[in-house]
Amino acid sequence: MGQTRLGTDLERRKQVRLRLRPDLRIEAHQYEGRARFVVKDPISLRYYW
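Going left to right, the sequence shown walks through residues -4 to 44 as my numbering numbers them.
For the record, the hints were derived by calculation from the structure and aren't laboratory data. Keep in mind the model is a prediction, meaning the values are calculated, not measured. Cβ coordinates follow ideal geometry from the N, Cα and C atoms, glycine included.
Quick list of the computed label-pair ranges, beta carbon to beta carbon:
(1) E27 - R7: 38 to 48 Å
(2) T3 - G28: 40 to 50 Å
(3) V34 - R12: 14 to 24 Å
(4) T3 - Q25: 42 to 52 Å
(5) Y43 - L5: 18 to 28 Å
(6) L13 - R41: 10 to 20 Å
(7) R41 - R14: 12 to 22 Å
(8) A30 - E6: 32 to 42 Å
(9) V33 - R12: 23 to 33 Å
(10) T3 - E27: 43 to 53 Å
(11) L40 - L15: 17 to 27 Å
All chains, full assembly: derive it from the sequences and hints.
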């Protein structure tokens, strides 16, 4: 991989805008004295922490 290609890949990644889907559910939970955030995806029925 050449230096110019690496540079263009990095520039393209900088331009990606992330959006929070409005249907995701985010909840704060206490676990072992620390705050943890759990994200539920109602479409795939998966949880992420």
